[in-house]
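> Let the sequences and hints guide you as you build the complete structure.
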Amino acid sequence: MVITEYTIKTNKIKRNYTFAMLSDLHDKHKAAQNALLYTQLTRPDAILVVGDLVDRHRKTHVEALPFLRDCVAIAPTFFAFGNHEIKYPVYNELDIASTGAHMLSNSWDIFDDDIYIGGQKPTADTDWLRDFEDSDGFTILLDHHPEHYKEYLKDKHPEIDLILSGHAHGGQIRIKNQGIFCPDQWLFPKYTKGLYDDRLLVGTGLSNTGYIVPRWGNPTEVVKINLVKGED
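Sequential numbering from 6 applies to the sequence shown in my numbering.
Hints are computed from structural coordinates only; laboratory data are not their basis. Glycine included, every Cβ here is placed at the ideal spot set by N, Cα and C. Just so you know, nobody snuck in bad clues.
Here are the simulated EDC-like cross-link-like pairs (lysine to aspartate or glutamate), alpha carbons at most 16 Å apart as the crow flies:
(1) K195 - E152
(2) K17 - D119
(3) K155 - D202
Ranges of calculated distance between the beta carbons of each label pair, as one might list FRET restraints:
(4) V95 - P163: 29 to 39 Å
(5) M6 - Q183: 16 to 26 Å
(6) P163 - V218: 26 to 36 Å
(7) R48 - K14: 16 to 26 Å
Have a look at this one:
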């Protein structure tokens with residue numbers, strides 16, 4: 006596991022922020038312990054968890070809620086569902102909120118006056134995004150699926166400042182910075198790791214799913230986001 010760092014400048018904030026972005030734990034104990042250690046090293050103002058804490062293939066979920074509680078002990082934590090939570094609904098929104106994390110489900114919360122953090126629920130409506138992108142501060146959307154960027158975010162909601170996604174697992178095997186395969190984008194996917202159009206940030210995740218899928222040239226990661234006051 007590594008810490009991958011990105012710096013984004015904006016004139017919409019009053020001070021600098023550091024965020025840790027986590028995704029795709031898939032109920033792996035060692036990944037959870039490593040991720041918490043690396044997250045502490047980033048010294049985040051807040052932790053943004055972009056779904057898939059449980060694993061629907063193995064039908065396991067023991068790490069999810071303790072992991073969120075441990076995140077909350079480090080910094081304010083915001084969570085949005087991934088596809089695994091939807092297809093293996095062992096936890097509902099109240100369960101997530103009971104950990105102390107902010108549960109975002111087609112909704113948003115305000116962090117420190119000038120940061121608006123929203124969460125898109127997979128397979129749900131997107132009408133709420135119109136009001137979200139009209140927010141006065143810097144808007145961060147947690148949307149587990151990077152393919153949604155082209156589908157309905159890139160052109161239809163251009164005022165959302167930053168979109169955070171996982172799901173792609175970095176394309177599993179990476180050759181010359183190109184992922185080979187991921188769900189919903191299939192072979193040679195476009196959005197698998199990194200910052201696209203200065204708006205979409207895709208993390209490779211903390212682990213794989215229960216299926217035996219190899220990773221090569223593609224370490225798991227905690228993403229450190231430096232949001233810096235300055236010109237866009």
